[in-house]
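S.K.: What follows is each chain in one-letter form.
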Amino acid sequence: RRFYSLKVAPKIKTSTVKAAVQLYPEELQLTKLPNGLVIASMENYAPASRIGLFIKAGSRYEDATNFGTSHLLRLASNLTTKGASSFKITRGTEAVGGKLSVTGTRENMAYTADCLRDDIDILMEYLLNVTTAPEFRRWEVADLQSQLKIDKEVAFQNPQTGVIENLHAVAYRNALSNPLYCPDYKIGKITPEELHYYIQNNFTSARMALVGIGVDHTILKQVAEQFLNMRGGLGMSGAKAQYYGGEIRVQNGDSLVHAAIVAEGATSGSAEANAFSILQHVLGAGPHVKRGSNVTSLLCQAVAKGTNQPFDVSAFNANYSDSGLFGIYAISQAAAAGDVIKAAYNQVKAVAQGTLSEADVTAAKQQKSLFLARSQWQQVEIWSILHSLMTYNNEAPIKEENK
Amino acid sequence: MATRASTVASSKWLKSLRKWYYNAAGFNKLGLMRDDTLYEDEDVKEAIRRLPENVYNDRMFRIKRALDLSMRQQILPKNQWTKYEEDKLYLQPYLKEVIRERKEREEWNKK
Chain F
1 RRFYSLKVAP KIKTSTVKAA VQLYPEELQL TKLPNGLVIA SMENYAPASR IGLFIKAGSR
61 YEDATNFGTS HLLRLASNLT TKGASSFKIT RGTEAVGGKL SVTGTRENMA YTADCLRDDI
121 DILMEYLLNV TTAPEFRRWE VADLQSQLKI DKEVAFQNPQ TGVIENLHAV AYRNALSNPL
181 YCPDYKIGKI TPEELHYYIQ NNFTSARMAL VGIGVDHTIL KQVAEQFLNM RGGLGMSGAK
241 AQYYGGEIRV QNGDSLVHAA IVAEGATSGS AEANAFSILQ HVLGAGPHVK RGSNVTSLLC
301 QAVAKGTNQP FDVSAFNANY SDSGLFGIYA ISQAAAAGDV IKAAYNQVKA VAQGTLSEAD
361 VTAAKQQKSL FLARSQWQQV EIWSILHSLM TYNNEAPIKE ENK
Chain P
1 MATRASTVAS SKWLKSLRKW YYNAAGFNKL GLMRDDTLYE DEDVKEAIRR LPENVYNDRM
61 FRIKRALDLS MRQQILPKNQ WTKYEEDKLY LQPYLKEVIR ERKEREEWNK K
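So the sequences go chain by chain: F and P. Start counting the first sequence at 1; every next residue gets the next number (UniProt numbering). Start counting the second sequence at 1; every next residue gets the next number (UniProt numbering).
Looking at chain F on its own, in the form it has when it is part of the complex (with noise of 0.2 Å):
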């Protein structure tokens, strides 16, 4: 945690030696607005301040007709909007040193801006403009959708991203099956007419919720009450998701092989959902000392007892509002790759029977709090309060989670 901290130096003649001032980062506060809008504020006397507004528009909210708009929409943050030109945007986040982003999930869509304490107010202009009021000029998003296919390019350099699509494809029919990258055959296709819809079904107040770090609480407020009302009611609700499970391989020829095998889990926020992060952290989720050989995790001794390859093998958890997977995901050699699995496998059967020990489970506590306080992430905290305003209850239930 920063902290600000005033020190006047002391003055040769007279003796006054003024304290110094600590100012330690106050409490989280927390406003639900009557249209359901969620407004959570800290102020941590940083010098930066950061704001994020998280909307419950992720792919999973996409239909069969327009796969991919959640994608496109991710990359049109910084196209025209009605109050501000393309040009603008990015000139005035650039001369303030500001950043504006944008992450989507599965569940979400979340616009961050970040930049020093006083330019806020600008940066809070342009993201209100681009979540509230985009264009879409025809012309823009049409020069946008080459980047679709660069963007995708780029995150499927990583097999994982393969992987983890496959299997949400291949775990639920509807919903969180939905891809989180454009399927090919819709790049060059998407509309404006769809990115509109898109926005005016999901983009409600009643699904966002707007987050700040470092700013004034009732600043957010005001901020919220006359921009963020534009769209009232729920929108359109997703379907719900589904698990159904199933197989699916794709062949190519990488010599690495990527699996993962993985059954439901839990939903976010529920008291189950604790329990399968701590046993992911007991089962190994990453190694604690980089490019060590993670003597750690329960899996990787398994596996390593199974084979002499090189392999690595982690506990896979993923938690949504309605649904879940939890299982392990395993990179080994193509001659080892049934070894390691096999091992992997039967080494969580092996805890799901209940050998674990008290001591084993402090520690994958331990890990999981100290996994939280490495990621030097600032985004980490706001990740967090929104998982907790995500399931809003009228109590504060991030205190819970360390239980």
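Honestly, I wouldn't trust all of these hints.
Claimed, not checked - When the alpha-carbon atoms are kept at most 27 Å apart in a straight line, the in silico DSS-like pairs for lysine-lysine are as follows:
| id | chain 1 | residue 1 | chain 2 | residue 2 |
| --- | --- | --- | --- | --- |
| 1 | P | K111 | F | K189 |
| 2 | F | K221 | F | K186 |
| 3 | P | K45 | P | K15 |
| 4 | P | K29 | P | K19 |
| 5 | F | K82 | P | K111 |
| 6 | P | K103 | F | K99 |
| 7 | P | K96 | P | K64 |
| 8 | P | K96 | P | K78 |
| 9 | P | K29 | P | K78 |
| 10 | P | K96 | F | K99 |
| 11 | F | K88 | P | K110 |
| 12 | F | K88 | P | K111 |
| 13 | P | K83 | P | K29 |
| 14 | P | K88 | F | K99 |
| 15 | P | K45 | F | K88 |
| 16 | P | K103 | F | K82 |
| 17 | P | K83 | P | K12 |
| 18 | P | K110 | F | K82 |
| 19 | P | K88 | P | K45 |
| 20 | P | K29 | F | K82 |
To be clear, the hints were calculated from the coordinates, so they are not data collected in a lab.
Starting from the known structure of chain F, arrange chain P on it as the hints suggest.
M.R.: Showing chain P alone in chain F's frame:
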């Protein structure tokens, strides 16, 4: 009252002057509209790029027909000439937007 009558009269006169000039310019005899004849500098090129497809196709057809007529050294029959009242300045909104964007860019680059 006298002044208003004179302004009304002069604007009628202005209108008839415009109409006379339009017919004297002669491009309506080739079936063209005024925006077809604009010199294609950078701004106009960008505005043309932004036209919706049907407007662009009509423009291309008129230009092609006019080129064909000028090759044959002929003009259209009088009933097919573009009339002053029917001439639509279709490119102006796009052109204004292009020019506004360019001015905005220049303003920024000055700073």
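S.K.: It remains to establish, for every hint, whether it holds in the given structure.
M.R.: Hint-by-hint comparison with the structure:
1. Using a Cα cut-off of 27 Å, the hinted pair K111(P) and K189(F) is violated, with the two alpha carbons roughly 39 Å apart.
2. Taking the CA atoms of K221(F) and K186(F), the gap is about 39 Å. The hint is violated against a cut of 27 Å.
3. Of the supplied pair hints, the one linking K45(P) and K15(P) is violated, its CA atoms being roughly 30 Å apart against a limit of 27 Å.
4. Of the supplied pair hints, the one linking K29(P) and K19(P) holds, its CA atoms being roughly 14 Å apart against a limit of 27 Å.
5. The suggested pairing of K82(F) with K111(P) holds, with an alpha-carbon distance near 24 Å, which does not exceed 27 Å.
6. Note on K103(P) and K99(F): the hinted pairing holds, with a Cα-Cα distance of about 25 Å set against a maximum of 27 Å.
7. With a C-alpha separation of about 26 Å, the suggested pairing of K96(P) with K64(P) holds against the 27 Å cut-off.
8. Between K96(P) and K78(P) the CA atoms are separated by roughly 33 Å; this puts the pair beyond 27 Å, and the hint is violated.
9. A C-alpha spacing of about 7 Å is found between K29(P) and K78(P), which places the hinted pair at or below 27 Å, so the restraint holds.
10. A hinted pair counts as satisfied when its Cα atoms are at most 27 Å apart, and K96(P) with K99(F) does not qualify at roughly 31 Å.
11. A C-alpha spacing of about 14 Å is found between K88(F) and K110(P), which places the hinted pair at or below 27 Å, so the restraint holds.
12. Restraint check: the Cα-Cα separation between K88(F) and K111(P) comes to about 13 Å, which is no more than 27 Å; the hinted pair holds.
13. Proposed proximity of K83(P) and K29(P) is supported: the alpha carbons are some 9 Å apart, at most 27 Å.
14. Taking the CA atoms of K88(P) and K99(F), the gap is about 44 Å. The hint is violated against a cut of 27 Å.
15. Restraint check for K45(P) and K88(F): the C-alpha separation of about 22 Å stays at or below 27 Å, so the hint holds.
16. With a CA separation close to 18 Å, the supplied pair K103(P) and K82(F) stays within the 27 Å bound.
17. A C-alpha spacing of about 18 Å is found between K83(P) and K12(P), which places the hinted pair at or below 27 Å, so the restraint holds.
18. Distance check on the hinted pair: K110(P) and K82(F) sit about 24 Å apart at the alpha-carbon level, within 27 Å; holds.
19. At most 27 Å may separate the alpha-carbon atoms for a hinted pair to count; K88(P) and K45(P) meet this at roughly 18 Å.
20. Simply put, K29(P) and K82(F) have alpha-carbon atoms about 41 Å apart, too far for the 27 Å limit, and the pair is violated.
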